[in-house]
Every structure is written in structure tokens, then in C-alpha cells.
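Protein chains: 2
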Amino acid sequence: MSFNTNDFRDIDPGQRVLMGPGPSDVPARVLQAMSAPCIGHLDPTFLSIMDETQRLLRFLFQTENGLTIPVSGTGSAGMETCFVNLVEPGDEVVVCVNGVFGTRMSDIVNRLGATLIRVDAEWGKTIDPEDVRKAVQGKNPKLLAVVHAETSTGVCQPLEDLANIARECGALFLVDTVTSLGGIEVALDKMGIDAVYSGTQKCLSCPPGLSPISFSPAAMKALENRKSPVVSWYLDMSMVSSYWGAERKYHHTAPINMIYGLREALRIIAEEGLDARFARHQLNHTALVAGVEAMGLSMLVQEGERLPMLNAIRIPGGADDLKVRKALLNDLGMEIGGGLGDLAGKIWRVGLMGHSSCRRNVFLFLSGLETMLKFQGVKVREGALEAASSVYA
Amino acid sequence: MSFNTNDFRDIDPGQRVLMGPGPSDVPARVLQAMSAPCIGHLDPTFLSIMDETQRLLRFLFQTENGLTIPVSGTGSAGMETCFVNLVEPGDEVVVCVNGVFGTRMSDIVNRLGATLIRVDAEWGKTIDPEDVRKAVQGKNPKLLAVVHAETSTGVCQPLEDLANIARECGALFLVDTVTSLGGIEVALDKMGIDAVYSGTQKCLSCPPGLSPISFSPAAMKALENRKSPVVSWYLDMSMVSSYWGAERKYHHTAPINMIYGLREALRIIAEEGLDARFARHQLNHTALVAGVEAMGLSMLVQEGERLPMLNAIRIPGGADDLKVRKALLNDLGMEIGGGLGDLAGKIWRVGLMGHSSCRRNVFLFLSGLETMLKFQGVKVREGALEAASSVYA
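These protein sequences, in sequence, are chains A and B.
Each residue of the first sequence is one higher than the one before, counting from 162 in our numbering.
Each residue of the second sequence is one higher than the one before, counting from 162 in our numbering.
No wet-lab data here; the hints were simulated from the structure.
Check each hint, because a few of them may be wrong.
A pair holds if it fits inside one copy or across any two, identical chains being indistinguishable in the list.
[To be verified] Below are the EDC-like pairs computed for lysine to aspartate or glutamate, each with C-alpha atoms no more than 16 angstroms apart in a straight line: (1) Lys295 x Glu346; (2) Lys487 x Asp204; (3) Lys484 x Asp204; (4) Lys286 x Glu466; (5) Lys351 x Asp171; (6) Lys382 x Asp322; (7) Lys507 x Glu432; (8) Lys540 x Asp481.
Pulled out of the complex, with its shape left as it was, chain A reads as follows:
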């Protein structure tokens, strides 16, 4: 096989400003931690690093749950982990769907041979707890699943009512916190959440590759009481938990250097403090929205239901979606996201996640967008930067 090694140059991905739906900008400290020497997955030093990572994750999830670990895959692997461990063929499972990730959960439930009870809301709106209450009447669901922060629309789902409904009908409450964790409060024990998964590349500002999960005692009991084996060997938490727990029983080789990175990302979060971090996300979001609305553009999601870390902006008439995004990427090195599914071509998704949530990025985006729109002949009002500035004043 002819093969010229000169075809391949040193890695040089450039330096983007990541304001899409994830990944977010990764701090140098995290990248440095990831480049520490690789050691064995049963080395006592690594076992300590695992323990510390679990302690930091429990702090972030505000939980005492024993099984609180990073799954060795991305956020979608975390989603699959929760369902394959807690759902058996024939179980009734309620899935709330108001975007791409609720749809994905439904797909997984169907693959597992469970009975799907699907509760829909329009994309861009929250799930109405009354619809869930109606859907579970006369049913005996094992699990009620919802997305906290729908990355495809920017909707923030209130969890209290849904947690109550799950409790009332004896179902486990499963929450997707891929995009919310580290940006808004995810307090498992207080909120009555039984199972949760997240991702590292959103508000944790660590590269993608791991999925933090946590199971409550009730979820662990459901796992122990299964009648059928977990269909996935790789994600079987009855075995994986032995490796992360006191037994240290080898299951699969942990992604060592990714865990170094996650530990550092969590340490940065702990140093900032959860309240300060959530306030920072809220502030930069408020400034971005003020600027966007001052320009005369509007948000997809109504006020009070918006996520601070994922801002869905309606694309104004006359603007060319792809041209704007390409110009931002090529001219300013800035990534923002387009819409998915029915929202393709209708919204831009602007992330202010973790390390990317800062005043500089708000300004860069507003000035960049204003310039690109004017260049395309789209009418925009003046005063975006002033409006954003006044939020910080």
C-alpha cells in the first residue's frame, strides 16, 4: 500500500471561539492536565484521582449518591447508560419530548423493547406537567424522563412538578442535564432526581468524551432487582460500579487522560463556586439577549423559560443562515450553531457555556453578527453593544 507520511502534518486545529451548542472553550489548565503522563488504570495514584473525581462530581451534582462517576463515552453514552440499566423489556417509560434529545430518548426506549408513553410539547416550549399527569393516569411507569436543558431549542424545563408526578406514581425520575450541569443548578438530592447524565463539553468546559452520571439509592435498587441482564456489557453499572467503588474490580480500561481533564475542569468549577458560576452564566445571557433584542431580533423561547447557556435567536428575514455562520467562522474564528430538525434555517444557537460564558464573547458575537447582517443588507437597529453594556453596569 503506497502511503506518504508527509501528507500528514502536525496537528493544528487553530484557536476558535466556541459559541455553538458545544463543545465550549476549554481552559488551558484542563488541556495541560490531559497531557500529563498516562499511568495504569489500577495504579494506586490513579485510583486516588478517581476518588477525587467522584468527590468533585458529587459536589457539582449536590448529592450523596454512591454511584456518581463519569461513564467512558460521550453524553449520548450516558443517556444510554441510564436507560439500559433502569429499563427492562415491557416496562412502561414516560419520555417528555420537546426537541432532539427527548426524541433520542424515545428512540432508545423503543430499541429496548419497553413501552413508550410519549408526552410532546412544541419545540421551543416547556413540557406541561398537566400533560404528563394525564398521560400517566392508569399507568404504572417505571421511569419518567425529561431533558432539563434542551440544547436543540434553548428551553429550560422546570423540574419540580415533574419530580412530584414521578414520586406520586412510583416512577424513577431521570433527567438529562448534558447542557445544564455547571451552568444552572442541578441539585439531585434536593430536586428528587433518581438518575442523571451529563456531558463534559458544555458548561464543564472539558473536551467531549465522558458522561458524568449519578444514580440515587432507588435507582440502584431498581438495578439490583432487575429480572433480565443489562443488554449492554460496556455500560452495565452493576459491574462498572465495582471498578469505581471499594472493590476496584477490573471491568474496562478507564479513559485515563480524559479523567485527568475532567478532574481539572471540576476543580476549576469548585474554585469558582456554584453560585458564582450560575450567576455568571445568567449575567452574560441577560447581556446577550439585551443586545440581540436591541438589534431588533427576537429569541425563540419566551422570557422566563430560557436557558442562560444556550440562546436560540430567530434568524431575521433576509439573512442567509449558512453565510452568516460561515463568515463568523472564517472571519472571526467563531463557531455558533444552526437549528436542528424543523428549526433548521430558522434559528441560530449561541452557546455561552462554562469558560465560553464571558463578557468578551458576548461583545464579539454581537458586533460580529451586527456586521454580518448589515453586510447582507438586513436591517438591524443600532445600540446592541450599549444595551449589553448596560446589563454589566
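Guided by the hints, dock chain B onto chain A, whose structure is given.
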């Protein structure tokens, strides 16, 4: 929740010499590549990096297979990927078992509701093709699976006869190359392999976290012709292949920085050349065995069936398994592996994988082991280093 961030110090895993069953020592170039800035998983620059990674993987696997990609999980995720995509409930599946990883494949086949046809050999011996021939008589297996390099025993499985049997009975030929890839020849197209998975942390000398896989046209056809959906959404190659292929359809967020690292590890392999790399593994293995045998110790596996990258040494009478390994780790910073299952306490597993396969490590291990054994009062013959040296002469 009271939480003291001062409890957590900068990451400092130390600098080990990794001579266990994996991970192996990671070259600085790979660690540096992993610490390049994270960019988006749909960024044109990253798409080029994906394309290059696929080209490099095809070179390493010596294949023209379209679907040749790193799965977003460790080697065990690659194992699961092959089975969940190619096996349906009720299918007959032949699994050859002569160690931990054949056992794991059987476990996965059972979880999928397939009919397992298990062919066993003693741990430390190769699978006898005649046993496989007998087992498939009158059967109609969909798949025949075997481990090329059994990491738990150090046995190298010859593949030619098994490939022929698979072809004769119309089964897909699936090979676990987690430990063999990059250390001995894995030439998919020439060897008639239909599906393969590997790991990054063995002879590729990249941190763990990805699993290179490849499917032949026949395997892709089996995937297309499935009657039931793939039970795993995360590992469903009918969707993942769209992201890695021309469509670039978003599935899950790729582990960006891990892929940077893999690309660099593959580039290093391409620069060394496959033949030179295989010869290096063989040479260092020969020297290690010469030294071990000169000491009066013996190998678990008979000559001619040994893997060059995983050396299973029988623990001599009077030696304390754990004390020797702990002393090597604590005094010399060197990790070697113990035995698994029935071989626990009976063998040491000494890896010479990828970057770890070098003359310096052979010398360090032989001199370290000799010293520790003498210290424990175990009789060892003199001349190990001289015997090893003569191999290099």
C-alpha cells in the same frame, strides 16, 4: 455542602514505566497533540482531521474498508459495537474462548439473545481449528469470533484456518485485535477479516478512550439487511457511519481531543513503518524471553504461540506475586500485570507494547525482577542481561 477546594492539588500522576497489559507508555508527541485547542465536531478543520485519521487507520489495518473509524469508547465498546451491529436475537454465533476476552465476547452474545456456540481451549493454548470445524457442523452461524492476541494469557491465535472455516460456512469473521494491532500484522483484506475492533492504549501507545473498528463490505451488508434495530443507539453504525462518511450527519459529539491523540499515534506508526514496528516488537520480546529463561524462569505459552507484546511469565516457587509487583511499582516506578481468573498468582504479564517495547525496558525489567526475586530468597540463575544482550548483538 462544605467543600474545601484546597483538598485537590494539581494533577501529578508521576512518570511510570508501563510494562503491564496496557496502557503502554504514551509518547510526548501524542500527549501534546491531545492538548491542542478543542474545536467543534462539525468544524471543517476537524472534519479534515477525521478524514486523515480514517486514512491512517486504513493503512494500519491494511484495508480498503469504508467504515474504518474510532468508536467513541474503549476497546470493550469496540467489542460491543461489532456484536450489537452484526448479531440479531436468535442468530447462531461461534465464539472461541481461551481467556478473559473470549469469555467477555460470550457474555455479550448471551445478552443479545443470540445462540452461543462456544469453542473452548485451555487458557494459555491456542484454539484448535478442528474443534471449531466440529462445532459448526450442521449449524448456520452468522458470525465466528476469535481473539487474535489474548491479553490475559499471551497467546497469539493463528487466523488463517479460522478465516477459512468462517468462509466455508458463510459466517462473518470477527477478530479482537485490541492487543495485536500495531505490534503484529493485522491485514484485514488479505486475512479475510470481516469485522475487527482494537484499543488505543496497547501497541498504538495512545491513552485509552477510543476503539478503532473496521467492517468489510460483507459486514456492512449484514448491517443493512438487519430485521431488528440495533439495540444500542450510541453504537449503531448505520448512524455513526453517516457522521464519519460523506454526509457528516450529526450523531453524537466526537471525542475531539482523543482523536487528535490517536491521529498523532497513527502518524508515528506510519513514520516507523509497519514492518519495522513488527520487527522491533519481535526483537524486544525475544530478548526478554532469553533473559527470563536464562534466569531459570519459564513462559506460560509454548514457543511459536507467544505474543511479542504480552509476555506471560510463570511465577517461580517461593516468590510473592503481589510483593514483587508492588516493589517494581514503588521502587522502580514500573507497572507489570498479574494474572486474571485461574491464572491469578500464577503468572506475571509483562507488556512490551508500542512505545514501551524498547531495549531499555527489557533491561530494566530483567534487572528489577532479578533483584526482587533474590531479595525474596528465590533462587535465580545469573546471566539474564547477558542472554538478552546477545539477542541484540
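Alpha-carbon proximity context of Lys286 and Glu466, limit 16 angstroms: Classified as within: same-chain Cα gap 8 angstroms, cross-chain 63 angstroms, threshold 16 angstroms.
Intra- versus inter-subunit Cα pairing at 16 angstroms for Lys540 with Asp481: Classified as within; 13 angstroms inside a copy, 80 angstroms across copies.
Same-copy or cross-copy closeness of Lys507 to Glu432 [CA-CA at most 16 angstroms]: neither (39 angstroms within a copy, 47 angstroms between copies)
Lys487 and Asp204: within-copy, between-copy, both or neither at 16 angstroms Cα: between (46 angstroms within a copy, 10 angstroms between copies)
Homomeric proximity label, Lys351 with Asp171: Cα distance no greater than 16 angstroms: For Lys351 and Asp171, the Cα distance exceeds 16 angstroms both inside one copy (48 angstroms) and across copies (31 angstroms).
16 angstroms Cα threshold - placement of Asp322 relative to Lys382: Classified as neither; 24 angstroms inside a copy, 47 angstroms across copies.
Lys295 and Glu346: within-copy, between-copy, both or neither at 16 angstroms Cα: neither (28 angstroms within a copy, 61 angstroms between copies)
Intra- versus inter-copy proximity for Asp204 and Lys484 (alpha-carbon distance at most 16 angstroms): This pair counts as between: shortest inter-copy Cα distance 15 angstroms, intra-copy 51 angstroms.
Of the numbered hints stated above, those contradicted by the structure are hints 1, 5, 6 and 7, listed in ascending order.
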